[in-house]
Amino acid sequence: MSGAANLVAWLNLAAAGDAPAFRSLYDATSAKLFGIILRILHERGEAEDVLQEVYTTVWRKAAEFDASRASPVTWMATIARNRAIDRLRSRASRPSSPLEAAADVRDERATAEDLMVAGDEARRVTAALAQLDTRHAAAIRSTYFEGLTYEALAEREGVPVGTLKSWVRRGLIRMKGELSA
Amino acid sequence: MTDDLTPRPPELPDDEALALDYALGALDREARLAAQLRLARDPAFRAEVEGWQATLAPLDDEITGVAPPASLWDRIAAETMPSGAPRFVAAAPARPSLWSSLGLWRGLAMASVAAVAVLLAVRPAPEPQAQLLVATLASDKGAALLTATYDASRGAVILTPAGKAQADGRTPELWVIEGDNPPRSLGTIDIDAPESHTIPAERLKGLKPGSTLAISLEPAGGSKTGAPTGPVVATGKLTGI
Numbered sequence: 001m002s003g004a005a006n007l008v009a010w011l012n013l014a015a016a017g018d019a020p021a022f023r024s025l026y027d028a029t030s031a032k033l034f035g036i037i038l039r040i041l042h043e044r045g046e047a048e049d050v051l052q053e054v055y056t057t058v059w060r061k062a063a064e065f066d067a068s069r070a071s072p073v074t075w076m077a078t079i080a081r082n083r084a085i086d087r088l089r090s091r092a093s094r095p096s097s098p099l100e101a102a103a104d105v106r107d108e109r110a111t112a113e114d115l116m117v118a119g120d121e122a123r124r125v126t127a128a129l130a131q132l133d134t135r136h137a138a139a140i141r142s143t144y145f146e147g148l149t150y151e152a153l154a155e156r157e158g159v160p161v162g163t164l165k166s167w168v169r170r171g172l173i174r175m176k177g178e179l180s181a
Numbered sequence: 001m002t003d004d005l006t007p008r009p010p011e012l013p014d015d016e017a018l019a020l021d022y023a024l025g026a027l028d029r030e031a032r033l034a035a036q037l038r039l040a041r042d043p044a045f046r047a048e049v050e051g052w053q054a055t056l057a058p059l060d061d062e063i064t065g066v067a068p069p070a071s072l073w074d075r076i077a078a079e080t081m082p083s084g085a086p087r088f089v090a091a092a093p094a095r096p097s098l099w100s101s102l103g104l105w106r107g108l109a110m111a112s113v114a115a116v117a118v119l120l121a122v123r124p125a126p127e128p129q130a131q132l133l134v135a136t137l138a139s140d141k142g143a144a145l146l147t148a149t150y151d152a153s154r155g156a157v158i159l160t161p162a163g164k165a166q167a168d169g170r171t172p173e174l175w176v177i178e179g180d181n182p183p184r185s186l187g188t189i190d191i192d193a194p195e196s197h198t199i200p201a202e203r204l205k206g207l208k209p210g211s212t213l214a215i216s217l218e219p220a221g222g223s224k225t226g227a228p229t230g231p232v233v234a235t236g237k238l239t240g241i
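Protein chains in written order, with this note's numbering: chain A, 1 to 181; chain B, 1 to 241.
What the hints contain is simulated information worked out from the structure, not anything from laboratory work. A virtual CB, placed ideally from N, CA and C, is assigned to each residue, including glycine. It is possible that some hints are incorrect.
[To be verified] Okay, the calculated bits of chain B under chain A, using three or more residues with CB under 8 Å as the criterion:
#	region
1	45-57
2	60-72
3	217-228
So here's chain A without its partners, still in its complex pose (with noise of 0.2 Å):
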């Protein structure tokens, strides 16, 4: 709980300029978020130019996080992962060969040792999503972990769109649903 407490003075700090406190943010927070990018990006200088962009938004914006509407975590780590899906999306065309897909593929299930150091929301999201079809669980990782459109989804899964779309969107509806029971 400290952490996130502490995160959370360190953007007020940071908000009021406070540039040790940004330093402490960064140290805390820079590994999470240059993972999420680099999963979703792959390419490493380009990564650290969103992580780059990423910070130069949180120290700009520090003032307009609001503890209320979400964690200081989850309020960062959007931030990145939605840079780095805009870079993605940027891209003319991404490069992807059969053995990135299959070692993508392989990535996306949570192995015990994540789950390990995974907080409690994190395995009862983990959880909620076991509770789904094994195709509909693994199609949401994909699209969240690696910032697939659901085209480029489906076109790697050999489906069609709409059943993707399907598939993502009821899944995540009984997984929504699972943790609210």
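Since the structure of chain A is already known, use the hints to place chain B on it.
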């Protein structure tokens, strides 16, 4: 893949589907741009998106963190804090002599309360030139316990807990010391509560740079004498920005 004849799930209205698709990151470039434009002007849609973002966010824990190269911080610092134009003046620690003379520093139970950081921003909304005041309250070690920010729309300072304090049944109370005057109470606060606390604007009147803020642990309900009676767990000086 051209076969797209499967209908949308009938139970999900278009707007909600769009919010879900956007939060998940599944929209193509054009649809994504349209959703972003809508986010900026449609609070209900934004709330829907934020709901899905919060639902999905715990999945981020499954992603292995990757430390960025050390040079990246230098790039960020160069862009956000150009040298020669520091935006922040670090708040000086409170003068120990002041509190020593008040007899409050002795016998403090500091182990349970490691540090308190308070940011106190006083800026009346209608005056663009109004002064911004910041205080960092800290003891000598540990994590931040508390942060405070000024909410112009409510005309008050909001204190947000940033750590865990062991008040042992006592009530934390916030004080300000202006010049040689005795400490003036800004009211009791609840360091442990997850919600924000608000200090009415009238209590904040007259806060100036150089004033010292302090938090002491008082009997339930706060000090009965009008002066701090319990251990002082953190202090710091207000600094103008």
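Handout entry: Residues of the region 60-72 of chain B with Cβ under 8 Å from chain A, three needed, outcome
Key = holds (count 11)
Practice task
Tell me if chain A covers the region 217-228 of chain B under the three-residue, 8 Å CB rule, please?
Solution key: Our answer is that it is violated, as 0 residues pass the Cβ test (under 8 Å) against chain A, missing three.
Handout entry: Cβ contact check, 8 Å cutoff: the region 45-57 of chain B against chain A, three residues minimum
Key = holds (count 7)
Of the hints listed earlier, the one the structure fails to meet is number 3.
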